[in-house]
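Student: As given, the protein sequences belong to chains A and B, one line each in that order. In case it helps, our numbering puts the first sequence at residues 50 to 497. In case it helps, our numbering puts the second sequence at residues 4 to 67.
Just so you know, the hints here were simulated from the structure itself, not pulled from any lab data. Treat the hints with caution; some may be incorrect.
Cβ pair distances, simulated, as ranges [claimed, not checked]:
#1 B:Arg25 / A:Ala459: 35 to 41 Å
#2 B:Asp29 / A:Ala365: 20 to 26 Å
#3 A:Ser335 / B:Asp29: 56 to 62 Å
#4 B:Ala20 / A:Ala494: 36 to 42 Å
#5 B:Ala20 / A:Ala413: 45 to 51 Å
#6 A:Asp308 / B:Arg7: 51 to 57 Å
Owing to the predicted nature of the structure, the values given are computational and were not obtained by experimental measurement. Beta carbons are placed, not taken as given, at the ideal position from N, Cα and C, and that holds for glycine.
Below, each chain spelled out in residue letters.
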Amino acid sequence: MIIHELTVSTAAAAIRRRQVSPVDLLEALLGRIESLEPKLRAWAFVDRDGARAAARQLGDEVARGSLRGPLHGVPFAVKDIFYSAGLPTEAGSKVYGGFVPEYDATTVARLKQAGGILLGKVQTTEFANLDPAPTRNPWNLAHTPGGSSSGSAAAVAARMVPVALASQTGGSTLRPASYCGIVGLKPTFGRVSLHGVVPVAWTLDHVGFMARSVEDVALLLQLTAGHDPADPRSAREPIPDYSVGTDGPRPPRIGILRDFFFEKADVEVIRTTSETVEQLALAGASVEEAKLPPSFSAIHSAHVTSVQVEMAAFHADLYEEKAAFYRPKNREIIEVGSLIPGELYLRALRVRRCFRREMKQVYARFDVLMTPTTPTPAPAGLGSTGDPLFQSPWTSAGLPTITLPCGLSASGLPLGIQLIAPPFAECSLLAAAAWCHDVLGSIPAPPL
Amino acid sequence: MAKREIRRAALAQSLLAAAIRRFGVDRAEALRTRIEEVADQLGDIALFPVDREEEPAFYLERSE
Chain A
50 MIIHELTVST AAAAIRRRQV SPVDLLEALL GRIESLEPKL RAWAFVDRDG
100 ARAAARQLGD EVARGSLRGP LHGVPFAVKD IFYSAGLPTE AGSKVYGGFV
150 PEYDATTVAR LKQAGGILLG KVQTTEFANL DPAPTRNPWN LAHTPGGSSS
200 GSAAAVAARM VPVALASQTG GSTLRPASYC GIVGLKPTFG RVSLHGVVPV
250 AWTLDHVGFM ARSVEDVALL LQLTAGHDPA DPRSAREPIP DYSVGTDGPR
300 PPRIGILRDF FFEKADVEVI RTTSETVEQL ALAGASVEEA KLPPSFSAIH
350 SAHVTSVQVE MAAFHADLYE EKAAFYRPKN REIIEVGSLI PGELYLRALR
400 VRRCFRREMK QVYARFDVLM TPTTPTPAPA GLGSTGDPLF QSPWTSAGLP
450 TITLPCGLSA SGLPLGIQLI APPFAECSLL AAAAWCHDVL GSIPAPPL
Chain B
4 MAKREIRRAA LAQSLLAAAI RRFGVDRAEA LRTRIEEVAD QLGDIALFPV
54 DREEEPAFYL ERSE
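With the rest of the complex left out, here is chain B (with noise of 0.2 Å):
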């Protein structure tokens, strides 16, 4: 499997379980789609190098 797919399926797995645990069981299904969702979103972010000097975007710099 890819890395990309072993990444993504790895935090829709690790979300649906703190869905389970927040919201119960039920909620947690019917967030699925969204979940499979930001899985996705989270797993570009994660795989996209991002230099370790690289710092947050809080509140944009002026003019850079």
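For reference, chain A alone in the conformation it holds in the complex (with noise of 0.2 Å):
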């Protein structure tokens, strides 16, 4: 058992068996950041103290015979927007610098009572936006992870620890993971609590999640999911049981989008993604063209145009005092965002609701829709995390959305397949992902 390679599933099997003990999982990752952190600089803050004494505890605990939760003994890192009580939390910013909060988000929190250990918080792009993280890829030091989930990304990818907590406002979550080879997990718009997340913009902000199976991000969506009062957005949904057992793993129907995502697309990714596509055809899926409605025409200036100007207004205090704390690609955001016209801003919002809407034909005959992840590879350099054109758009319209690794294109980087499903159908995007998964198969581990 190489123990860094275990996922958040068979690592908690294995402290439930007695096989590994959370103190050895915990050195293990801690010696595997030791070792990789000064060529990736993955992490904000590690919390080696902290961590310590909790996995002696939850280890405690075990021999005892006595079990918090699923994520007992496991480790888990949180992106530095993410508050938690008694670490720092500097969302990539001096504006933050030194800032400590008193309380847990919500959802690290749940992690926490289900026995998860906070092993530390890794690096975010400045508030979660445009201005890079020192991260690196690890599967080329040149090139970039993404973001602005760039840390969760790179730490998971690089076995630093099983699973992260990212965010995604355009492609925070999706394309970072495509990036660097490993699952990302969007859900839908209020599935999972924002309370204790510094915000982007108040009307696309999403919890994700970023580990190395479609189980896993299934569990952690299985104990991060449901209504927060503390979240205004929060959804009431029920919480169904979204283990890929329970729908059992089937050729889904998927509808491909090729209108625009293909024409955007390198001719690399457009080949993986057509013979990606094949793969599961022949495996047993039903593949259909899809065809994207008329309101996509202005979906990504919705997007862009609500994400500026509630950027304006969350800031709006703070530039006051600190504007030059701010780095450049934020200060330009935030003082044109503030130059918006509330009528334009306004319409952006109904241009969104209305996207959502007409999705709703779209996607009635499938399971699923498919798209490449990103219109290429990680991008060489460290001045840009990339572009979210290809998964801004379900972000407006709050559809959950999910990124498996494909294969890997010619220069060696990872590439993925982008899965979007119905509001609250985790479930079936569940299903559907592991199922292609199972089908496609996993990508080996970086070679660091």
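Hey, can you piece these two chains together into the complex? The hints should help.
Tutor: This is how it looks when you write it as structure tokens:
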């Protein structure tokens, strides 16, 4: 057993069976962090002392036959926009420099209640937006890992931690997950509480999960989904059993969206996606073409407008005091966002609602829609985290999405496919994803 | 000039004027590229036909 290769589910099972102790698992991951972090720079803060104390405590509980929950003894990482009581939460910005919250974000608290060990805070772009984090892609250090959940993706891909909390306002969970060759899940808007998460845009923010299996992200969703009175966006929809065995992985009905996505993708992504589609069809999936609705033509503009105005609104007071602390791209977004007329911002929200309504006709015949996750593999250079073009429409409509690795590019960088489902259809999304992942297989670990 | 281009140009001019008033000439000039991009995006939104009865998607409805 290579301990740092354990997924959340296999680690939790090994701990329950007393094959691995929480202490041994934690120390294996800390060793991995020590050796890889100088070149990957995935972590904003590693809570060695806190995690070790928790691991000892949880190990004692296992010995006594007492388990707190499905995550007992398993370490997790948290993007540094999630409040974590007693730990720095700096959102990748000097503006929040030195800030230590007194309470956990609801999602962090729920994972701890399930027995998880908070290992530390992973890097984010500044305020989870465009100014990049220092993190590098584990597959090629000269390439971006994507963002804004840069540290989450790099840390999971590099086997420093089996799972990380992320977020998505445009493409910030699925894009870095795809660039780093792992699984990334963004649930329906409102499915998972955002209480205690530094906002980017209130009507667009989603909690996301990154791991190395569909089973793992399903478990994380199960542990964190559900109404939170502290979050006004939080849905009251009942929580089904998300474990992938429930629906039973079965060949899904897949609608391929080629318009726009195949036009924007590079040749290699088109070829790999097409080969993936063929592979899934041969394995029994029903695959047909799907067509985008008319409102798609304005959805990217509606998305960007929403982000800019809401960022400007959130930062208005802070910006008065601390403008010089903001990095250049955020400065521009906040300043120009503050100039956008209210009537056009509201029109952007109406376009988004129109798109969400029109999408019902598109996915009516399918279990999931499919696109490549990104137009290219992870770009070279660290000055940009790539483009959320392929995610932002679904984020704008609040639809649940997942990315699965589907191969490597000629240059050795991961590629992914994105599945999209109707609102609150995470069960069928996860079942389709599990089936596809079984057919496609895993990609190897990055050559670190 | 096409309607879209007229609208885009008017939006860019209006945003630039607002930027000058708020941030001064130098900063407004530094923001010009982003202002042009935003004017493009706002033009898309302004010209997209939205039904009069379509309400904003504040905290999107739960299951529609």
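Student: CB of Asp29 of chain B to CB of Ala365 of chain A, is that within 20 to 26 Å?
Tutor: holds (22 Å)
Student: Take a look at whether the Cβ-Cβ distance between Ser335 of chain A and Asp29 of chain B falls inside 56 to 62 Å.
Tutor: Holds, since Ser335 of chain A and Asp29 of chain B (Cβ atoms, about 59 Å apart) stay within the stated range.
Student: CB of Asp308 of chain A to CB of Arg7 of chain B, is that within 51 to 57 Å?
Tutor: violated (21 Å)
Student: Within 35 to 41 Å: is that where the Cβ-Cβ distance between Arg25 of chain B and Ala459 of chain A falls?
Tutor: violated (48 Å)
Student: Could you say whether the range 36 to 42 Å given as a hint is met by the Cβ separation of Ala20 of chain B and Ala494 of chain A?
Tutor: violated (54 Å)
Student: Should the hint that Ala20 of chain B and Ala413 of chain A are 45 to 51 Å apart at their CB atoms be regarded as holding?
Tutor: holds (46 Å)
Checked against the numbered hints listed earlier, the structure breaks hints 1, 4, 6; every other hint is satisfied.
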